[in-house]
Amino acid sequence: MHPLLRLVAQRLVLGAGTLLVVSALIFAGTEILPGDVAQAILGQTATPEAVAAIREDLGLDRPAWVRYLDWLAGFLRGDLGTSLANRVPISEMIAGRLENTLFLAGVAAAIAVPVAITLGVIAARFRETWLDKTISIVTLSAISMPEFFIGYILIFVFAVKLFWVPSIASVFPGMDFLDRLYAVSLPVATLSLVVIAHMMRMTRAAIVNVMASPYIETAELKGLTRSRITLHHALPNALSPIINVVVINLAYLVVGVVVVEVVFVYPGMGQLMVDAVAKRDVPVVQATGIIFAATYVLLNLTADVLAILANPRIRHAR
Amino acid sequence: MRPRASVLVGFAIIAVYAAAALLGPLLSPYGEAEVVGDVWEPFSAAHPLGTDNLGRDMLSRLLWGASRTIGVALAATLLAFGIGMTLGYLAAVVGGWVDMILSRGIDTLMAIPTLIFALVVLAVLPPSVVILILVIAVLDSTRVFRLARAVAMDVVVMDFVEVARLRGERLGWIVFREVLPNTLPPLIAEFGLRFCFAFLFLSSLSFLGLGIQPPAADWGGMVRDNANAISFGLPIPLIPAAAIAILTIGVNLVVDWQLERSSGARRGVRP
Amino acid sequence: MTENAEHRDRRGGLLLPRRRFLGSTALLGASAALAPGLLRPVRAQGPQRGGQLKLGMDGAAATDSLDPATYTATYMQVVGYQWGNCLVELDEKVRPVPELAESWEASADASVWVFKLRKGVTFHNGKEMTAADVVYSVNHHRGPESKSGAKGYLEVIKDVRATGEYEVTFDLETPSADLPYVLSDYHVLIVPEGSDFTKPIGTGPYVIESFEPGVRTLARRNPDYWKEGRGWVDSVETLALNDLTARTSALQTGAVHFINRLDPKTVNLLERAPGVLVIDVPSAGHYTFVMRADTPPFDNNHLRLALKWGIDREELVDKILRGYGRVGNDHPIPDFDPFFNRELPQRGYDPDKAKFHFGKSGHDGPIRLHIADAAFTGAVDAAQLYAQHLAKAGIELEVVREPNDGYWSNVWMKKPFVGSYWGGRPTADLMFSVAYKSDAPWNESFWKRPEFDKLLIEARAELDVEKRRQLYWEMQKMVWEDGGEIIPMFNNYLFGSRDNIDGFVPVPVLTGLRVSEQLYFTDL
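Residue numbers (numbering that gives the first Met the number 0), protein chains in the order written: chain A, 0 to 317; chain B, 0 to 270; chain C, 0 to 523.
Treat the hints with care, as some may be off.
Unchecked claim - Here are the simulated distance ranges between beta carbons:
no., chain 1, residue 1, chain 2, residue 2, range
1, C, K198, B, T85, 55 to 61 Å
2, C, K391, B, V129, 30 to 36 Å
3, A, V304, B, S43, 57 to 63 Å
4, B, Q212, C, G45, 50 to 56 Å
5, B, R169, A, E127, 33 to 39 Å
6, B, T85, A, L223, 36 to 42 Å
7, A, G95, B, V15, 46 to 52 Å
8, B, S43, C, T197, 53 to 59 Å
9, A, E127, B, G30, 41 to 47 Å
Calculated from the structure, these hints are not laboratory results. We put the beta carbon where it would ideally sit given N, CA and C, even for glycine.
Pulled out of the complex, with its shape left as it was, chain A reads as follows (with noise of 0.2 Å):
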């Protein structure tokens, strides 16, 4: 087998491993957390009686290990089970909210991470004059907000003093695809908002890093120009911060937008996770939290893959 596929199946293989690891320790933070789902459901109007009818349904009366080993069970037939707070099966539950998910991720990617390399390379290009500060200060102002805030600015200026777009992101299965990217557009804007400073900076030092390197000197000698040098000679050398930051970024867009779900009542991954976790609905956070779990372990595979390809030396050192 090529070293490489098998790197990639043994971090597979390692990968199953490691969701193991994390749904089990997802499900006892979730048991650690004060309150069950009984008392949760019930909120304010709880009263013991309600609430003990309702754990000897649900089978919340047996010792957590047996709870854990019989979702697992399920799990590994393929039965994610289902909700303990409305009976819902989860793969119903998900289904459409995974799709929303990764469609608003894909769309945000699509536009902020060549915007952010692109915007790097000129700031590299052009590095301590006035556009490369213009593009620092104002990528920066940008996450100097939480998301959230961002959300509320763009809805108030496009919104509702503009009438451009909507504010609240609504789809629906079946819409058409450009309705859907219409209706989406303030969320993406936010996002992108959000995670082009950290890719655009990192492209910047990696390519200022490696302009550094002897082969640099050696093409300045040659006398090609200096774009010609960033773009061909450093920028292919600086891929491996570059592609990690992307990464990190990625899975952040796919685990961490669940304020921007909120502000745009966009029905996505991350609001179902913070509703189950609230109302302690373990086979939800679980089911949930695997997905979750599962983008970081393949986004770090990839990166780690693209890494090793980016660079002939590692490629062949291993």
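We have chain A; now place chains B and C onto it with these hints.
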């Protein structure tokens, strides 16, 4: 290398913030929790930056919150880099099983949802600023680890590191003499951003109940508390946001200068 | 405070259309005409059929269920009244009036109640509603197996029987004059016997067409709706808008026509927006700081009095509610309740008295208040203001912000001094029974007085209004003098509406849950 104007601006900003952090309570016209006016008063001579959602003086709260906000963010970020870089370099330089165990451990830590992590910490530990710093540091260190490991991987396969290994240099020597100087620039850049993220992270954790307790102010929390005002075009929440933004910009101007210096310095050492 | 109120009235009355329902004035009669009546804009047309109504409601979660036993927050309560009806509903003066029940009668000692049902009411599946359906629906919320949030209220019912095709008889554990109020609770919606509560079939004005928990609910008009003058629009879409800014901006952009829970702080800004009306309804909802009367140092009444005198209620109403509320007097009965004790002096802010009682209590050192915004909107802010009030009396209040997550299971009724909120109950009996009786399930202050319990049971069975009044006045006095509840303020309900919508009926208790069947468009 002569310092450019931009880095002077950067240092000036940092100096002003440092002064605010050290002298904030002395300089502020009112007490931190003191209600001195109506809610969301506009800028005036009495309240140069207006008043907040409870009618407290915005300038005073910014000044009172300066040392706390900057201190927590700085401590957490430094700690995150300490942990993340140490482990990341270790994984890259030693490789093999050490790398495997560390990397998968970090995967696991990253994969635990932050909300659950924070709530569990809250459930089992008393809320305090130290815990807050540790939580931010641990969670951020996973990202630093990924980056440090990735950039170090690129370096450890270089010829000069191979040579050093063959020479029988110690691990510490390789890390400090070879890996660190060649990987520092991206990590410095990362620091400039992580430091900024820490401001916002600490406010969202405080909001969950972990860490800074009211009426103590932190800048991210002040944005949050006043955020609704922006829906009606009131600029109040932009003020603490600007406080964070200006510091972020100042730090990153210095970061840029540092980047130039370290890459330039390297060029001198290794022709 | 006064300046603030003037501002509001001037804008509301003259410059901007604004609907203000002065429930307290209306209920107390002409003698209490304190505020100038604000006229609603005159409408050219009456109610009209048609249109697609969009509501933006908070309190929704991805884990919501249509089962009425699980309703705890506004979103599902509003959805519940779309598909279902109760036996009884409350009118604008909080009196029980017939809904699915046509009439009712109590035995002389108020221990047996007979309800006659409306005939010819059909469920959405075409079946006619009969007594068996009512028995089935009520029993969903009682008995050892029940998992309902209404279980506590319905404990008063010993048995419910069908005593005729259109007649239901309730046997009570203890006599109660207030059973009709209990049956107006939003949990107790009527469904056909044997049907599945998670896919409810009701008699309501709308039929649920699609339900995406925590996202949206779409309901179409029930063409056979039995209630006169209700259910105007063709469809109702209820959007889950938990975020305040999302709600207000959706209203401003016209994406929704009606929203609940405005932020008092931004109401004056919102009502300047074009096409938007603000609806302001006094309510029985009250914000409380609860001391555990069985736990030191709060078991000492001097300390409790110190904390009661040391709170500046006016400032809280002014700063936290921005004037959209009334000061409370440390008992839970709202000023519009017929049994509100009007002779009890209003407790004001008196740092000297607070200091005096604090000294008398013998307690030394700081008092810790455990609070989170989960308790009520602005709770953490209110606690900080309270700390400043107490500081002037030389009492140190340490505000401990607890996590919102798990507040009701981990902090409330666990820590000795916490924040809490009561939406209010339609009667003094229900309010005292759920939170003040010694063995009440939610006796959050752990204040236990056998004398109080005795008065409560006596008043509940008393059908003579004047005797009842005396008993309730006495109970309010006891709570005021000795209880563990600091009740600084009653809030108003604030709704936002587009200006082409009308029909809102202000009921001061559980306000606005039935908007779906009330609202209509004026510009069709």
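So, going through the hints one by one against the coordinates:
no., hint, in the structure
1, K198/C - T85/B: 55 to 61 Å, "holds, 57 Å"
2, K391/C - V129/B: 30 to 36 Å, "holds, 32 Å"
3, V304/A - S43/B: 57 to 63 Å, "holds, 59 Å"
4, Q212/B - G45/C: 50 to 56 Å, "holds, 55 Å"
5, R169/B - E127/A: 33 to 39 Å, "holds, 38 Å"
6, T85/B - L223/A: 36 to 42 Å, "holds, 39 Å"
7, G95/A - V15/B: 46 to 52 Å, "holds, 50 Å"
8, S43/B - T197/C: 53 to 59 Å, "holds, 57 Å"
9, E127/A - G30/B: 41 to 47 Å, "holds, 44 Å"
Figure legend: structure checked against the earlier numbered hints; every hint is met.
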